[in-house]
Amino acid sequence: MYTEKSSQPGFHAVSSMLMFGEQQQESNITRFIIASNRLPITFERNVDYDPSKPDSGEKWHFKESSGGLIAGVKGITIPYTWIGWLGQGSGSLSDEEKIELTKAVKQKFGYTPVFIPDDIANLYYNVFSNQVLWPISHYLQFTQSAQNGTSWDAYCQANRAFADAISAVYEEGDAVWVHDYQLYMVPHYLRQQSSTVPIGFFLHIPFPSSELFRTLPQRYQLIDSLLDCNLVGFHTHDYRQHFVSTAQRIILDARAEGESIISRGRQTSCQAVPIGIDPTVWNAHLENPTVQKLIEKLKHDFAGVKLVIGCDRVDYTKGLPLKIKIIDQLLTTHKELHGKFVLFQIGIPSRMDVKEYQELTDELHKLIGEVNGKFGTIDWTPIHYIGRPVKQDELAAYYAVSDACLVTSVRDGMNLVALEYVCCQKDHHGALVLSEFAGARFLLSGSYTINPFDIENSAETLNLALSEVGKKASEKHLNNYKIVTLTNTAEEWGLRFAQLLLDSIKDSFFHLNETDKLGKDELIRAFRNCDGPRIFFLDYDGTLTKIVNDPMKAKPTQQIKNILRNLASLPRTTVFIVSGRDRRTLDEWFGDLPIGLVGEHGMCVKYCTRKSDDVSEGQSPFEKGAKEVHEVTDDMYEPIKLISDDEVTKTDWEPLIDVIDLSWMDTIKQIVQDYHTHTPGSLVEEKPTSVAFHFRNSDPTFGEKQAIELKSILIGKAASMPIEVMTGHFVVEVRMKGVNKGAMLRKILHRYSSEHTGDSKPFVITPVLSTQSHLSSETPPLGGRTNSSQNMGPLIDSLDEMMVPSDIPPTLDGVHPPTSPTGRVIRTSSSGDFLHKSLSFANQLEDLHPFIFCAGDDVTDEDMFHVVGQIPQSLTIHIGTQSSQAKKNLLSPYKLLLSLANLIHNLAGSSSNLLDMNQARNVTQETHSPTPDSVFIAPQPITVDRK
Numbered sequence: 043m044y045t046e047k048s049s050q051p052g053f054h055a056v057s058s059m060l061m062f063g064e065q066q067q068e069s070n071i072t073r074f075i076i077a078s079n080r081l082p083i084t085f086e087r088n089v090d091y092d093p094s095k096p097d098s099g100e101k102w103h104f105k106e107s108s109g110g111l112i113a114g115v116k117g118i119t120i121p122y123t124w125i126g127w128l129g130q131g132s133g134s135l136s137d138e139e140k141i142e143l144t145k146a147v148k149q150k151f152g153y154t155p156v157f158i159p160d161d162i163a164n165l166y167y168n169v170f171s172n173q174v175l176w177p178i179s180h181y182l183q184f185t186q187s188a189q190n191g192t193s194w195d196a197y198c199q200a201n202r203a204f205a206d207a208i209s210a211v212y213e214e215g216d217a218v219w220v221h222d223y224q225l226y227m228v229p230h231y232l233r234q235q236s237s238t239v240p241i242g243f244f245l246h247i248p249f250p251s252s253e254l255f256r257t258l259p260q261r262y263q264l265i266d267s268l269l270d271c272n273l274v275g276f277h278t279h280d281y282r283q284h285f286v287s288t289a290q291r292i293i294l295d296a297r298a299e300g301e302s303i304i305s306r307g308r309q310t311s312c313q314a315v316p317i318g319i320d321p322t323v324w325n326a327h328l329e330n331p332t333v334q335k336l337i338e339k340l341k342h343d344f345a346g347v348k349l350v351i352g353c354d355r356v357d358y359t360k361g362l363p364l365k366i367k368i369i370d371q372l373l374t375t376h377k378e379l380h381g382k383f384v385l386f387q388i389g390i391p392s393r394m395d396v397k398e399y400q401e402l403t404d405e406l407h408k409l410i411g412e413v414n415g416k417f418g419t420i421d422w423t424p425i426h427y428i429g430r431p432v433k434q435d436e437l438a439a440y441y442a443v444s445d446a447c448l449v450t451s452v453r454d455g456m457n458l459v460a461l462e463y464v465c466c467q468k469d470h471h472g473a474l475v476l477s478e479f480a481g482a483r484f485l486l487s488g489s490y491t492i493n494p495f496d497i498e499n500s501a502e503t504l505n506l507a508l509s510e511v512g513k514k515a516s517e518k519h520l521n522n523y524k525i526v527t528l529t530n531t532a533e534e535w536g537l538r539f540a541q542l543l544l545d546s547i548k549d550s551f552f553h554l555n556e557t558d559k560l561g562k563d564e565l566i567r568a569f570r571n572c573d574g575p576r577i578f579f580l581d582y583d584g585t586l587t588k589i590v591n592d593p594m595k596a597k598p599t600q601q602i603k604n605i606l607r608n609l610a611s612l613p614r615t616t617v618f619i620v621s622g623r624d625r626r627t628l629d630e631w632f633g634d635l636p637i638g639l640v641g642e643h644g645m646c647v648k649y650c651t652r653k654s655d656d657v658s659e660g661q662s663p664f665e666k667g668a669k670e671v672h673e674v675t676d677d678m679y680e681p682i683k684l685i686s687d688d689e690v691t692k693t694d695w696e697p698l699i700d701v702i703d704l705s706w707m708d709t710i711k712q713i714v715q716d717y718h719t720h721t722p723g724s725l726v727e728e729k730p731t732s733v734a735f736h737f738r739n740s741d742p743t744f745g746e747k748q749a750i751e752l753k754s755i756l757i758g759k760a761a762s763m764p765i766e767v768m769t770g771h772f773v774v775e776v777r778m779k780g781v782n783k784g785a786m787l788r789k790i791l792h793r794y795s796s797e798h799t800g801d802s803k804p805f806v807i808t809p810v811l812s813t814q815s816h817l818s819s820e821t822p823p824l825g826g827r828t829n830s831s832q833n834m835g836p837l838i839d840s841l842d843e844m845m846v847p848s849d850i851p852p853t854l855d856g857v858h859p860p861t862s863p864t865g866r867v868i869r870t871s872s873s874g875d876f877l878h879k880s881l882s883f884a885n886q887l888e889d890l891h892p893f894i895f896c897a898g899d900d901v902t903d904e905d906m907f908h909v910v911g912q913i914p915q916s917l918t919i920h921i922g923t924q925s926s927q928a929k930k931n932l933l934s935p936y937k938l939l940l941s942l943a944n945l946i947h948n949l950a951g952s953s954s955n956l957l958d959m960n961q962a963r964n965v966t967q968e969t970h971s972p973t974p975d976s977v978f979i980a981p982q983p984i985t986v987d988r989k
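Take the sequence shown: its position 45, counting from 1, is numbered 87 in the numbering used here, and each next residue is one higher.
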């Protein structure tokens with residue numbers, strides 16, 4: 043059912059109902075936009091049409107199609123419209139005819155046709171879709187000649203055309219439902235245009251094992267596009283599991299979490315939603331008097347004969363040659379069936395212009411002739427073959443009179459023939475002999491399951507099924523019949539998918555409720571409102587850049603370095619990279635920038651200070667009053683160069699603590715090295731004060747198993763050694779106890795406080811455990827981030843030996859130390875001091891009126907969030923979707939770079955010589971108007987790619 047809703051459709055013209063933070067509203071779906079390769083109609087030109095003759099009829103003739111997808115969609119109570127291709131030849135129409143045809147289709151059906159040039163359509167559909175994706179999904183080798191850049195480009199071009207057509211009709215409240223392998227890339231192009239459009243995808247064919255799918259050169263792009271969906275549906279749990287396994291092996295940051303995959307800040311629900319048929323259609327056929335007459339005729343013609351029905355497209359996935367060989371074996375072994383058995387096989391021609399299909403047809407005809415010649419007589423032909431499509435009502439009659447249905451697919455997404463046969467066996471209760479490689483096997487538990495490659499056993503199973511018709515086969519049938527006609531109809535499938543999509547939209551877009559998304563103007567406002575120093579603490583891997591397989595390939599792009607340089611050039615602004623990387627790498631990558639560096643998860647620091655905070659005169663590269671930045675490009679942020687090398691002073695590397703105990707290092711190295719030896723693809727990273735076991739390039743399942751074992755052993759060693767065991771992005775790391783990013787940030791902030799207050803007290807670190815130490819009672823997921831807020835409770839309760847009685851006197855300012863539920867004073871993990879001292883320290887900093895910005899993505903960054911979060915004028919940003927102590931959230935490194943670029947653009951663009959921000963604040967703050975997130979379109983960049 044189609045409804046007109048707006049005269050100005052499109053992503054650019056609406057604001058989505060599914061938003062974050064203050065924009066968030068209750069989600070709802072008011073209309074589905076269905077996208078499939080073909081529209082559920084066919085068209086042809088009326089050759090008798092003459093515009094001068096009113097009685098010549100309409101210019102175009104249409105015929106509606108049928109099928110499981112169409113039945114499922116029609117069962118949905120939500121209004122829908124349909125986007126699809128009209129088939130080969132439609133792309134060669136003139137522009138005028140395309141407009142006429144589009145108008146006719148929309149007026150008659152409410153659908154929107156997609157026109158693809160015929161040459162592109164041939165490469166998109168016949169070549170890449172059917173000679174590459176189709177065979178590999180059915181565990182067959184794809185045609186190597188079809189696997190080339192030309193066919194892939196055509197496939198992408200066609201998918202982009204579908205996405206553009208969807209964008210043109212999209213309206214507020216719509217959800218997009220994309221269907222099948224021909225449109226794998228549509229979610230990617232949709233997501234480029236809108237970050238909030240709800241997208242569901244259903245795959246109607248099998249999804250192969252990861253070993254097979256990974257042979258595709260385009261594997262990354264295809265999987266990454268599907269992860270742009272809110273929901274991906276499959277026929278069976280096997281297909282779903284294959285997809286999850288493939289995603290984890292191809293997409294580096296993808297990890298399974300419950301029924302979903304989490305990747306680059308988005309949650310994609312993966313569900314098994316087996317499709318069904320519309321039983322009312324088949325029941326109506328059976329009640330048709332014409333069909334009843336045909337049924338009676340067939341019963342008369344085949345009286346006393348065991349009739350087996352087969353109905354398949356002539357496709358190499360259907361196992362038709364195997365089916366004929368099974369019949370050959372059956373008749374060879376069971377001579378009592380001679381003259382009393384008939385296979386009635388319907389072979390629907392398919393892709394007859396393809397050489398392989400022509401050869402398959404020839405082989406099939408040859409095998410059938412051999413069986414009929416070997417066993418047939420003058421009055422008995424064992425195999426009756428029809429090589430053409432059969433009308434549905436006629437097929438219903440064949441189904442109804444057959445004693446069994448034989449399905450021998452070598453790989454099949456579902457196989458609706460099996461469901462149709464069960465539906466039409468309401469009275470006869472025949473047997474369903476079903477290949478174990480058909481998706482329907484998992485749905486129809488009352489079938490006789492065969493392995494069609496095992497010819498002898500398959501023949502015996504078929505004979506058993508025929509012998510049990512009317513007996514045990516009847517019980518099996520009744521179980522299948524209930525599933526097909528009641529619990530798994532096409533209508534139920536459509537409604538179930540719609541509900542799952544609605545649920546996934548809530549889970550995906552409201553997954554961030556625990557930490558609000560950072561508003562686009564929030565950072566700018568906080569920066570402008572600051573009267574004191576502005577300090578940025580930025581993690582690197584996973585925060586400023588994506589996680590990559592080879593850690594040394596994460597070298598910052600010039601674009602990232604330009605943003606960091608420009609940020610550090612702003613008045614009273616200091617920038618620190620706070621990383622787990624060693625000091626040599628940090629010097630090599632960032633040593634030429636006017637920023638501070640913190641290495642080895644807080645073990646060492648290198649300061650960078652300005653000799654003067656005056657802003658040098660110089661022309662800004664930005665236009666005054668420029669509009670908001672929507673994309674970070676390579677040439678947009680050239681260095682401002684407001685700070686020359688002689689204007690900054692850099693210190694040597696300074697340790698967090700003066701006394702370093704590394705007596706444990708050799709023992710731990712040996713343990714880690716042993717696991718590295720037995721874990722292919724793993725990597726050992728040795729740092730001056732820590733050692734790390736990386737398993738991101740290992741098999742995901744085996745790598746995580748090894749990492750869990752390693753962590754357990756290391757935790758045991760930690761009981762007698764001054765070490766902590768950390769888990770992060772595919773890494774287990776051992777470091778000195780008490781050394782963490784939070785402790786280093788306290789040291790840095792203590793220095794700022796001392797410089798401004800004259801307090802010369804030395805900064806002392808007491809080595810205690812971090813908030814993410816091995817004492818947490820819950821083992822965090824090794825392949826991803828830890829839910830720190832959930833782990834802190836068990837951690838605090840287990841630190842009794844590190845706490846003091848709660849009756850200690852208050853501090854000089856009258857503040858009592860906070861206590862745990864057990865009545866103990868809580869000692870903060872990051873600072874090695876009591877929490878009330880942290881609060882006093884925060885009060886000292888407050889006198890400086892600083893603004894502290896802290897961003898990180900990993901478990902090791904929670905210590906920074908813990909420290910910075912105590913400072914009133916601060917923003918802590920978690921990159922990703924996991925729970926965190928951070929106040930705000932951004933989905934990806936690209937989003938953080940975009941926020942920083944917008945900050946620089948806004949401030950530098952407000953004056954040609956970068957006026958002091960206190961002055962510029964009053965000029966521009968009131969004129970800044972926030973823009974709804976739904977129209978904040980950020981096309982995918984090239985170098986800072988969220989992938």
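Check before you lean on any hint, since a few could be wrong.
[Said to hold, decoys possible] With beta-carbon atoms standing in for the labels, derived distance ranges:
hint, residue 1, residue 2, range
1, Lys711, Thr651, 18 to 24 Å
2, Ser108, Asn70, 26 to 32 Å
3, Lys140, Thr743, 40 to 46 Å
4, Ser108, Ile428, 55 to 61 Å
5, Ser251, Lys140, 38 to 44 Å
6, Glu696, Asp206, 42 to 48 Å
7, Gln183, Pro764, 42 to 48 Å
Bear in mind the hints are in silico, worked out from the structure with no lab data behind them. Model, not experiment: these values are computed from the prediction. For glycine and all other residues, C-beta sits at the position ideal for the given N, C-alpha and C.
Status of the hints after comparison with the structure:
Judged by the Cβ atoms, the range 18 to 24 Å given for Lys711 and Thr651 is violated: they are separated by roughly 36 Å. Between Ser108 and Asn70 the beta carbon distance is about 31 Å. The supplied range of 26 to 32 Å therefore holds. Distance hint for Lys140 and Thr743: a CB-CB separation of about 51 Å, inconsistent with the stated range 40 to 46 Å. Checking the proposed 55 to 61 Å range against Ser108 and Ile428 shows it is violated: the Cβ atoms sit about 19 Å from each other.
At about 42 Å, the CB distance of Ser251 to Lys140 agrees with the hint of 38 to 44 Å. Judged by the Cβ atoms, the range 42 to 48 Å given for Glu696 and Asp206 is violated: they are separated by roughly 56 Å. Between Gln183 and Pro764 the Cβ separation comes to about 57 Å, which falls outside the hinted range of 42 to 48 Å.
Checked against the numbered hints above, the structure breaks hints 1, 3, 4, 6, 7 and satisfies the rest.
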